[in-house]
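*Asks:* Residue-level listing of the chains:
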Amino acid sequence: ILNVEQSPQSLHVQEGDSTNFTCSFPSSNFYALHWYRWETAKSPEALFVMTLNGDEKKKGRISATLNTKEGYSYLYIKGSQPEDSATYLCAYNTGTASKLTFGTGTRLQVTL
Amino acid sequence: EAEVAQSPRYKITEKSQAVAFWCDPISGHATLYWYRQILGQGPELLVQFQDESVVDDSQLPKDRFSAERLKGVDSTLKIQPAELGDSAMYLCASSLSVNYGYTFGSGTRLTVV
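Quick note, the sequences are listed as chains A and B, same order. Following the numbering used here, the numbering of the first sequence begins with 1 at its first residue and continues without gaps. Following the numbering used here, the numbering of the second sequence begins with 1 at its first residue and continues without gaps.
It is worth saying that the hints were derived from the structure and are not from the lab. Fair warning: there could be bad hints in the mix.
[What the hints assert, rightly or not] For each label pair, taking beta carbons as the anchor points, the in silico distance ranges come out as: (1) A/T94 with B/S66: 21 to 29 Å; (2) B/G72 with A/T94: 20 to 28 Å; (3) A/D17 with B/V113: 38 to 46 Å; (4) B/D63 with A/K57: 36 to 44 Å.
These numbers were taken from a predicted model, which means no experiment stands behind them. The beta carbon of each residue, even a glycine, is placed where N, CA and C say it ideally should be.
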């Protein structure tokens with residue numbers, strides 16, 4: 001894989017459903033994987049920065065895992081709420097001074 | 001909580017006109033980024049500054065885009081002349097270290113008509 005790919009492109013779930021998204025990235029020259037949440041009319045907000053293979057991070061009902069050997073990360077949301085509706089972006093970088101390369105995002109809509 | 005300030009929030013301009021965006025990063029953040037997000041795509045880096053120096057502008061269309069960060073604090077991104085394909089969200093971000101992620105501003109939504 002040459003770029004960051006995210007799936008699905010969009011997702012519509014009911015309140016209380018659990019859901020997950022995938023981010024695939026180049027496994028060579030990997031340094032860190034970042035997840036952001038971007039709500040409409042707001043700034044993208046950093047969720048997680050992960051660097052180690054097998055790393056798992058959690059923030060409330062949201063968690064993420066990282067597999068650097070195969071080049072993927074999963075983001076999980078447990079018991080989705082309407083306020084979770086947002087676009088979830090992942091990005092990777094190849095060094096401490098390098099830019100973030102972003103995927104196209106997964107747009108999540110949670111309805112009552 | 002400290003924020004990255006961007007202005008204007010929205011801008012509508014006619015094709016061939018000049019347009020400028022402003023960004024004030026979080027105090028103490030040496031690295032500043034301008035990203036462009038075209039509808040349906042991920043944010044793409046236009047230019048990265050370390051203090052007042054350009055680190056990466058490989059994707060900046062230099063025939064019409066310019067960016068500066070005088071004194072290494074706030075930054076201006078200019079487009080002259082604007083083209084229809086420049087319609088996008090322009091995001092500014094700053095970081096202390098990329099290890100901690102970026103802090104983004106709320107962006108400028110540009111529409112070229």
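*Asks:* Does each hint hold? Answer for all of them.
*Replies:* Structure-based check of each hint:
1. A/T94 with B/S66: 21 to 29 Å: holds, 27 Å
2. B/G72 with A/T94: 20 to 28 Å: About 25 Å separates the Cβ atoms of B/G72 and A/T94, which means 20 to 28 Å holds.
3. A/D17 with B/V113: 38 to 46 Å: holds, 41 Å
4. B/D63 with A/K57: 36 to 44 Å: Roughly 42 Å apart at Cβ, these two residues keep to the hinted range, so it holds.
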